[in-house]
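**Q** Below are the chains, spelled out letter by letter.
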Amino acid sequence: MPDERKVCLSGSGLTKVFGFGRQKTVAVDHVDFSFYEGQVVSIVGESGSGKTTLAKMLLGLISTTEGEVYFQGKKRDISTQKKRLEYWRNIQAIFQDPFSSYNIFHKIDAVLLDCINMRGGRKLPYAKKVEMMTQACAFVNLKFEELTNKYPFELSGGQQQRLMIARIFLLKPKILLADEPTSMIDACSRATILDMLMQLRGEIGMTIIFITHDIGLAYYVSDTVYIMERGKFVEHGTADEVILRPKEAYTQRLINDVPKIYEEWDLSTVLPYKYGG
Amino acid sequence: MKHTIRQVFHSGKFVFGFSIFVAVLLIVIVYPLIITDPPLGIISQGTFFEPGIYVNVYDSIGSERYILNLDDATANRIAGRLGDKERLDMKEWLLAYGIPESEIDIADTEQLLGLWENHYDPKSPIAGMTNAQRNYYIRLDASLGGLLSTEGAIIAVNNPDTGTLEEKKVVGQSDYVNVGQVANVRVLPLGTDNFGRDVLTELVKAAGVSLQIGLVAGIIATLIGLTLGLLAGYVGGLVDDVIMFLTNLFTVIPGFVLLILISYSIGQERRGAATVAAVIGFTSWIWTTRAVRAQVISLRSRDHVNLSKLSGHSIAYIIFADILPYIASYVVMALILQISTAIIAEASLSILGLGPRTSEVPTLGLMLNWAFIYQAHILGKWWAYLPVLVTIALITFSMNLMNTGLDQVFNPALRE
Amino acid sequence: MSKVMLEVKDLTTKYITRFQEDIYAVDHVSLEVEEGKSLGIAGESGCGKSTLALSLMGYYFPPLHYTSGEIIIDGRNITGMDPDDVRKSILGTEISYIPQSAMNALNPTQKIIHFIEDVIQAHEPSQTKEEIHELARGCFESLGLPASVLQQYPVELSGGMKQRTVIATSVILSPKVLIADEPSSALDVTSQKMVIKMLKNLMEKGFIKSLIFITHELPLLYNVTDDIMVMYAGQIVEKGTAKEVVFDPLHPYAKGLMGSIIVAEEGLREHKLTAIPGVPPNLKDPPSGCRFAERCGYARPECQVLPVGLRDLERGRAFRCLHLEKELRDAYRREGELNAR
Numbered sequence: 001m002p003d004e005r006k007v008c009l010s011g012s013g014l015t016k017v018f019g020f021g022r023q024k025t026v027a028v029d030h031v032d033f034s035f036y037e038g039q040v041v042s043i044v045g046e047s048g049s050g051k052t053t054l055a056k057m058l059l060g061l062i063s064t065t066e067g068e069v070y071f072q073g074k075k076r077d078i079s080t081q082k083k084r085l086e087y088w089r090n091i092q093a094i095f096q097d098p099f100s101s102y103n104i105f106h107k108i109d110a111v112l113l114d115c116i117n118m119r120g121g122r123k124l125p126y127a128k129k130v131e132m133m134t135q136a137c138a139f140v141n142l143k144f145e146e147l148t149n150k151y152p153f154e155l156s157g158g159q160q161q162r163l164m165i166a167r168i169f170l171l172k173p174k175i176l177l178a179d180e181p182t183s184m185i186d187a188c189s190r191a192t193i194l195d196m197l198m199q200l201r202g203e204i205g206m207t208i209i210f211i212t213h214d215i216g217l218a219y220y221v222s223d224t225v226y227i228m229e230r231g232k233f234v235e236h237g238t239a240d241e242v243i244l245r246p247k248e249a250y251t252q253r254l255i256n257d258v259p260k261i262y263e264e265w266d267l268s269t270v271l272p273y274k275y276g277g
Numbered sequence: 001m002k003h004t005i006r007q008v009f010h011s012g013k014f015v016f017g018f019s020i021f022v023a024v025l026l027i028v029i030v031y032p033l034i035i036t037d038p039p040l041g042i043i044s045q046g047t048f049f050e051p052g053i054y055v056n057v058y059d060s061i062g063s064e065r066y067i068l069n070l071d072d073a074t075a076n077r078i079a080g081r082l083g084d085k086e087r088l089d090m091k092e093w094l095l096a097y098g099i100p101e102s103e104i105d106i107a108d109t110e111q112l113l114g115l116w117e118n119h120y121d122p123k124s125p126i127a128g129m130t131n132a133q134r135n136y137y138i139r140l141d142a143s144l145g146g147l148l149s150t151e152g153a154i155i156a157v158n159n160p161d162t163g164t165l166e167e168k169k170v171v172g173q174s175d176y177v178n179v180g181q182v183a184n185v186r187v188l189p190l191g192t193d194n195f196g197r198d199v200l201t202e203l204v205k206a207a208g209v210s211l212q213i214g215l216v217a218g219i220i221a222t223l224i225g226l227t228l229g230l231l232a233g234y235v236g237g238l239v240d241d242v243i244m245f246l247t248n249l250f251t252v253i254p255g256f257v258l259l260i261l262i263s264y265s266i267g268q269e270r271r272g273a274a275t276v277a278a279v280i281g282f283t284s285w286i287w288t289t290r291a292v293r294a295q296v297i298s299l300r301s302r303d304h305v306n307l308s309k310l311s312g313h314s315i316a317y318i319i320f321a322d323i324l325p326y327i328a329s330y331v332v333m334a335l336i337l338q339i340s341t342a343i344i345a346e347a348s349l350s351i352l353g354l355g356p357r358t359s360e361v362p363t364l365g366l367m368l369n370w371a372f373i374y375q376a377h378i379l380g381k382w383w384a385y386l387p388v389l390v391t392i393a394l395i396t397f398s399m400n401l402m403n404t405g406l407d408q409v410f411n412p413a414l415r416e
Numbered sequence: 001m002s003k004v005m006l007e008v009k010d011l012t013t014k015y016i017t018r019f020q021e022d023i024y025a026v027d028h029v030s031l032e033v034e035e036g037k038s039l040g041i042a043g044e045s046g047c048g049k050s051t052l053a054l055s056l057m058g059y060y061f062p063p064l065h066y067t068s069g070e071i072i073i074d075g076r077n078i079t080g081m082d083p084d085d086v087r088k089s090i091l092g093t094e095i096s097y098i099p100q101s102a103m104n105a106l107n108p109t110q111k112i113i114h115f116i117e118d119v120i121q122a123h124e125p126s127q128t129k130e131e132i133h134e135l136a137r138g139c140f141e142s143l144g145l146p147a148s149v150l151q152q153y154p155v156e157l158s159g160g161m162k163q164r165t166v167i168a169t170s171v172i173l174s175p176k177v178l179i180a181d182e183p184s185s186a187l188d189v190t191s192q193k194m195v196i197k198m199l200k201n202l203m204e205k206g207f208i209k210s211l212i213f214i215t216h217e218l219p220l221l222y223n224v225t226d227d228i229m230v231m232y233a234g235q236i237v238e239k240g241t242a243k244e245v246v247f248d249p250l251h252p253y254a255k256g257l258m259g260s261i262i263v264a265e266e267g268l269r270e271h272k273l274t275a276i277p278g279v280p281p282n283l284k285d286p287p288s289g290c291r292f293a294e295r296c297g298y299a300r301p302e303c304q305v306l307p308v309g310l311r312d313l314e315r316g317r318a319f320r321c322l323h324l325e326k327e328l329r330d331a332y333r334r335e336g337e338l339n340a341r
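Chains as they are written, first to last, in my numbering: chain A, 1 to 277; chain B, 1 to 416; chain C, 1 to 341.
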């Protein structure tokens, strides 16, 4: 049982600046956070809030301008390829567009085999690898023997995204970063994806960080919600706290702007026009 | 892959361009196997022989004779020697001599010749006639000898014992030989050039050499462009800055000027076909580098590249497996373009005399160079340069057509 | 009994592919929109809702072809009209259409007012420039957009503002019916809210007499339209008032769809999201029976084979299923009890 008070990933003063001089953009502005083991966190922000940049920094795909990231209490060190590999055994990602996550020239088997190799299974006999891949596919309700030797374009969007989850099943990282994992999936298939992710979290105690603009989704899945505006975290707390009883004006406005069906959706709070807005 | 190839061959433009190109290639490869003469061999004494079928006169005398009675034979014979210009000149002389116009009918050959024979006197003074004109009329008179006679020509051989000419054979005016039975007949579809070489054989060889130079130069340029573009685009940072600096340097100095300078400084002796190809290749990689770099920059932030990184692949693997296949189609098109521009670059260099050494192999540009130096265009000897231009045009046209076809296959937005 | 603004009877339209195959993207669709009312068309990607929008206007260009059915706008039958005539006499004045991401169609080198001039002069050449300016100013101010926008270039405006400009322009000539296809899906939530508010205003202020709103986002439809129609694989599978369809769906697909709505409200907490396995059928070769049968949890063997029509209940409520209303309700109730345990 993962210790839910144990900090898995945290950051202090994390900043990313693009460009320099008068044209510099501060995409992420001195953010602090602590994510715990087994927690489901959502980082909610509109486009341009910096959430994708933050996600890439947490993954170690882009460098940080200032600030530190701590993994399991220790300062993160990804200065060499070896150290990066070690870090990526513990943190993985699922991206928004399932199709573009694949190399269209490779068969889908390659994706799963890469995971087995990353976990040190390169020298395993092929039969054992097939067994592992079949098990991973079964977890996401796919049949490996039907998918083997197929190319990504032969699968549907839902199947592609589920295969990405199978990949996570094989890798069993401590942290999963899911960047809008359901925004390009049909409404009827969304629940499947979310359920599978939650199941993974239940089985291996994985921390899930959702990056999304959909506050409804954040409310449905998360324990904790962070609201991001223009590179800063303006509010965070449990899902109920932030969404049902928001404290900050930005959060309140964000919640009011989302259509409601159980309560009355107050359209009168549309702000008057400002130049440039 | 198979699907792509099928799509490619569905594209009308590609197939058309490809057929022309393959046709040129086949000719370049098959022709020398049939006609084995050395392309730079000088076969004529004299310059710029017109295109035509050249029949050995000595052999035709000895060939079997056939008698054909054709109605227009006589008229053709006379027309060959006495054309309209000559008739008008004769009329002019006769008028100046004092014959009234009503008696002169240039269409009536017999009458005209009769008048001429009766009245022509090289010494008779005609007012206002220059010396040159006088000489012209003397020559004209000489050439008219025996025009109306129906006697054949007599072939006589020198008798080594008696030292006199002995009549051997008479060639009648209705005697014909079958060209196929004459021992030595040479077809020169494109005549000869200023040196006396068979233009067609030379052209085929030159096309082959130019294509090779183009291929080598194109491959060198594309390889350099691909490597630099990949490094600059993917690695970025300082590497990108250095490569971009180099590229800008080469952009500011016009490629062609650079080419000329390098060619000149190498000197004639060291400038073989391979060297020229290398020089062209090493100065024309700029466009490809820029284009590849732009593509790679857009590719490197794609999800599948990020996923590859997260799966622990090395930079080398990512460049070869995740980036290169995505730009492959682009690189193929770039290669085709580089080859066709290299061919033209070589032609331009050679026209200026800075191409490969002239004594070893002909290239398309060299042929143009010789034609212009020896003033073929002024003299109206079109066969020395026009076929070369057409060949260059055909080769580059077919390659560009293939490129457009490929572009439409790989970029569906361009399809009609 | 209000006047019917738009009446569509049994409309069928098809796409003809490069390989001469027929794809019936809109299959025997009938609908009716009365004056003062709005209709929402809901469905996921590929169900045919955007094709339906184009078909409703009578604006057919290959590969889209009209097959059968009638379209009547305010009593005027426009079936089979030439697309050019449609453009000249119907578009903009009787029916107006806002395609998805319409804001991207604004010419970046033209001021908004010039764009509006072009639009109006294309449909009513008799108007002078001053009249147009007056009209535009009045319309914009009435809809809460400042008149200063008219003198700006598209690049100076935000996404939400551009979309609202386009919507305002499309109703300047007071068409009877406005068809909006995903008007807000490319915008952030705040801009989306502004667009929704404006759409509601349009009917209140009398710029349009009826509205057809097409989207895959059901919470939006619930808040904007009076009635909702759910489409699946080119057919209507459920019709009714917004409240009925969202909170009391009958057709199994509609039920699954409503069950997958996520909102940021407390009411969501007790609710488990439903998922429907499988994918919609290929319209090149649709099944002869119910098109949803292979994914349906309540399907009987005959569902895949027997043709299914719309079952009409009272007051415009309808659903397409071989089961009776009572059978479906019983099945849903039993399932609800099972899930609660």
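Be aware that one or more of the hints could be misleading.
[To be verified] Distance ranges between label pairs, derived from CB positions: (1) C:118 / B:257: 32 to 42 Å; (2) A:141 / C:3: 30 to 40 Å; (3) C:200 / A:247: 55 to 65 Å; (4) B:278 / A:141: 44 to 54 Å; (5) A:47 / B:261: 27 to 37 Å; (6) C:153 / B:266: 50 to 60 Å; (7) B:5 / C:306: 41 to 51 Å; (8) A:183 / B:245: 52 to 62 Å; (9) C:153 / B:5: 24 to 34 Å; (10) C:201 / B:239: 54 to 64 Å.
[What the hints assert, rightly or not] Going by beta-carbon spacing under 10 Å, a handful of chain A positions derived as facing chain C: (11) 52; (12) 53; (13) 117; (14) 120; (15) 121; (16) 125; (17) 151; (18) 154; (19) 159; (20) 186; (21) 189; (22) 192; (23) 215; (24) 219.
[As the list claims (entries may be wrong)] Looking from chain A toward chain B, a few residues come up when the C-beta cut is under 10 Å (computed): (25) 20; (26) 59; (27) 80; (28) 102; (29) 104; (30) 107; (31) 164; (32) 174; (33) 233; (34) 234; (35) 237; (36) 238.
Honestly, the hints are just simulated from the structure, not real lab data. Only a predicted model underlies this, so the values are computations on that prediction, with no experimental measurement involved. Just so it is clear, CB atoms sit at the ideal spot from N, CA and C, and this is done for glycine as well.
**Q** If any of the earlier hints don't hold here, list their numbers in rising order.
**A** The structure breaks hints 1, 2, 3, 4, 5, 8, 9, 11, 12, 13, 14, 15, 16, 17, 18, 25, 27, 30, 32, 33, 34, 35 and 36; every other hint is satisfied.
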